[in-house]
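A.B. asks: Sequence:
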Amino acid sequence: MVRCKGGKNMNLKKLMNDFLQDYLNQNKIKFSEWSININNQVGFGDYSSNIALKLANVLKKTPIEIAKNIANHPNVSENIFSLSASKPGFVNFHVSNNYYLEILKQIISESENFGKKIKLNKSANVEFVSSNPTGPLTVGHGRQAILGDMVSNILTWSGYDVTREYYYNDAGKQMRVLAESCYAKYAQQIGKDVKMPENGYVGTYLDEIAEKIVYKYGKDLESDDPIFRDLTEKEIFSNIKNTLDSIGIKFDVFTKEGTFYKNGAIDNVLKTLEEKNLSYEKDGAVWFKTSSLDKGEDKVLVKSTGEPTYRLPDIAYHADKIDRGFDLIVDIFGADHIDTYPDVILGLKCLDKKTDHIKVVIHQFVTIKKGGEVVKMSTRKANFITLDELKEKLNPDIIRYFFIMRGANSHLDFDLDLAKDESEKNPVYYLQYANARISNLLKRYDLEISAKNDINYSLLKEKDEIALAKLLSEFPSKMEDVLHSLEPRKIATYLEEVASAYHKFYGNHKVINPQNADLSLARKKLCEATKIILTNGLSILGISAPERM
RNA sequence: GCCCCGGUAGCUCAGCUGGAUAGAGCAACGGAUUUCUAAUCCGUAGGUCACAGGUUCGAAUCCUGUCCGGGGUACCA
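Residue numbers (the working numbering): 31 to 579.
Note that these hints are calculated values from the structure, not bench results. Ideal Cβ positions, reconstructed from N, Cα and C, are used throughout, including at glycine. A portion of the hints provided could be inaccurate.
[What the hints assert, rightly or not] 27 angstroms max Cα-Cα, derived DSS-like pairs, lysine-lysine:
(1) K135 / K554
(2) K540 / K135
(3) K58 / K98
(4) K384 / K149
(5) K146 / K500
(6) K271 / K389
(7) K117 / K500
(8) K389 / K491
(9) K329 / K264
(10) K135 / K491
(11) K455 / K520
(12) K117 / K58
(13) K389 / K329
(14) K44 / K203
(15) K333 / K319
(16) K249 / K264
(17) K43 / K60
(18) K43 / K98
(19) K383 / K292
(20) K554 / K493
(21) K493 / K473
(22) K333 / K286
(23) K491 / K534
(24) K473 / K135
(25) K540 / K520
(26) K379 / K319
(27) K555 / K135
(28) K135 / K149
(29) K146 / K44
(30) K312 / K152
(31) K555 / K482
(32) K135 / K43
(33) K389 / K280
(34) K271 / K60
(35) K312 / K301
[Claimed, not checked] Ranges between beta-carbon positions, derived for each pair:
(36) Y245 / P576: 39 to 47 angstroms
(37) N439 / V283: 26 to 34 angstroms
(38) D237 / K455: 32 to 40 angstroms
(39) K423 / H124: 48 to 56 angstroms
(40) P576 / K423: 14 to 22 angstroms
Turn these sequences into a full structure, and let the hints guide you.
C.D. replies: This is the structure:
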């Protein structure tokens, strides 16, 4: 069982469930098909359950009749919530203000640990970006990088020991073409007429590398000199690392595809599949008998050229990750993997590997608009907008927020021309502003109020105050949801609600009032708790929480 | 061909493990500033939740079909 700091809020739901269960027990009813939902609209209590609506069929009574019965059932938690029934048959829970104010104390005492799970002794591996070093990172990779980083943060927050992993192909055809392209650029620079290879890389970043090679190694290199491959990979990879570093993303492990050729893992996969009669040769290629496993058409594992397709090394790589013993394996993939990752999972199953603990997060692509036109991005054709270019225009907080403003499953339209304009309307400022306001207020408070009283939380009874406290109390259960969905956007949405509730409270009520030091203190504590939640949430998103703006 | 995603206010999108009156930002209009930071707040206006069936006490949410838009994919990864 997971122990959770800030768990009182989860106890709230448990108490409500216990109450309903007690009603069922007392009336000797066996039933478990109910839910308890939070109410955002006012008028029907803080939470409500559909239990009476669901029971109507079973008990052959009207829902409202059952709901009224339940609401009149003896309530051992009456100091925490009271009950009512409403049409057509909801059971409503009205939580006492006191409960929320208790949570405020807890937030303040636990501070940066509020809502955080203590160490679980569980490990997770998050693989993301995994872009081959054939060119600079584009805004498309940016989405994946930010998403993966935030997912990692969410897991860390939830008690996992997280390994961030970058996997790349240093051995395949693309790298060979890249080296040939680099040689062609090199040759052109020293006046030789060498054609670009078919489907070669034409980006200007290669010109710079070729130039460097001329400068460092002279003009006499042959086309097959390993320097073209090695230096290109090294240069581009170091560029990639710098870019990631500049938006605050670091990896723990870099794994090269070549490893699995060298250590025989790929041969072993092929051997095992062959032994199990799950592969065969046709037209000079090796095929994976996916059709016999009821998964569509057979897929190629090794091309007739002798080179494996993406699937084969990826199966070997995932088998390796599984063997490393992680409790959770997360793959962040772009939409281009939608078709292929099921083959990889299937391959792993064929190797008798456990796969239940693999979670795949697929995100849709970023489409770029340049001069009003949608641009199809291709690294090879040098038709892209780099993450570095983006960074020149926008600060990292904005970039991070921009990429998670849409759910992973939605396409993200990116209009570079408008990026800066839009950034000024970016909600991230709204959150940061709330935090800066609080910071300033806390400073002022110490200057203007010197009285040292005991804190009397029960002075907080205004609607805006309770609404804010209630929202703050929901943070731990919100993080539970997020752990399940691995969708950072939900944190952002929650924080926007918190900021909004705070701005509203701030606008309607004066915190610092020397004439009423007791109330001032209670309100100050509410501000402190809000700041803690905002700071904690923003830290999971990797976004700064400036003290002043 | 096969697969994935989307269609909700003028625009950009939340809400989708079914719940009560569908929300927010931007844009528009009106108001609040000798301010604890106006990067804010309050108010007005704005809707056939693409369409049609189905499931049920109840559907934006689930199922089926259709239409429209975006994307992926075939021995590139």
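A.B. asks: Confirm or reject each hint.
C.D. replies: A quick look at each hint next to the structure:
| no. | hint | result |
| --- | --- | --- |
| 1 | K135 / K554 | holds (12 angstroms) |
| 2 | K540 / K135 | holds (21 angstroms) |
| 3 | K58 / K98 | holds (18 angstroms) |
| 4 | K384 / K149 | holds (24 angstroms) |
| 5 | K146 / K500 | holds (18 angstroms) |
| 6 | K271 / K389 | holds (25 angstroms) |
| 7 | K117 / K500 | holds (25 angstroms) |
| 8 | K389 / K491 | violated (44 angstroms) |
| 9 | K329 / K264 | violated (33 angstroms) |
| 10 | K135 / K491 | holds (16 angstroms) |
| 11 | K455 / K520 | holds (19 angstroms) |
| 12 | K117 / K58 | holds (25 angstroms) |
| 13 | K389 / K329 | holds (23 angstroms) |
| 14 | K44 / K203 | violated (57 angstroms) |
| 15 | K333 / K319 | holds (15 angstroms) |
| 16 | K249 / K264 | holds (20 angstroms) |
| 17 | K43 / K60 | holds (20 angstroms) |
| 18 | K43 / K98 | holds (20 angstroms) |
| 19 | K383 / K292 | holds (22 angstroms) |
| 20 | K554 / K493 | holds (16 angstroms) |
| 21 | K493 / K473 | holds (26 angstroms) |
| 22 | K333 / K286 | holds (21 angstroms) |
| 23 | K491 / K534 | holds (15 angstroms) |
| 24 | K473 / K135 | holds (20 angstroms) |
| 25 | K540 / K520 | violated (31 angstroms) |
| 26 | K379 / K319 | holds (13 angstroms) |
| 27 | K555 / K135 | holds (8 angstroms) |
| 28 | K135 / K149 | holds (23 angstroms) |
| 29 | K146 / K44 | holds (19 angstroms) |
| 30 | K312 / K152 | violated (44 angstroms) |
| 31 | K555 / K482 | holds (13 angstroms) |
| 32 | K135 / K43 | holds (19 angstroms) |
| 33 | K389 / K280 | holds (21 angstroms) |
| 34 | K271 / K60 | violated (58 angstroms) |
| 35 | K312 / K301 | holds (16 angstroms) |
| 36 | Y245 / P576: 39 to 47 angstroms | holds (43 angstroms) |
| 37 | N439 / V283: 26 to 34 angstroms | holds (28 angstroms) |
| 38 | D237 / K455: 32 to 40 angstroms | holds (38 angstroms) |
| 39 | K423 / H124: 48 to 56 angstroms | holds (50 angstroms) |
| 40 | P576 / K423: 14 to 22 angstroms | holds (20 angstroms) |
In summary, the structure is inconsistent with hints 8, 9, 14, 25, 30, 34 from the numbered list given earlier, while agreeing with the others.
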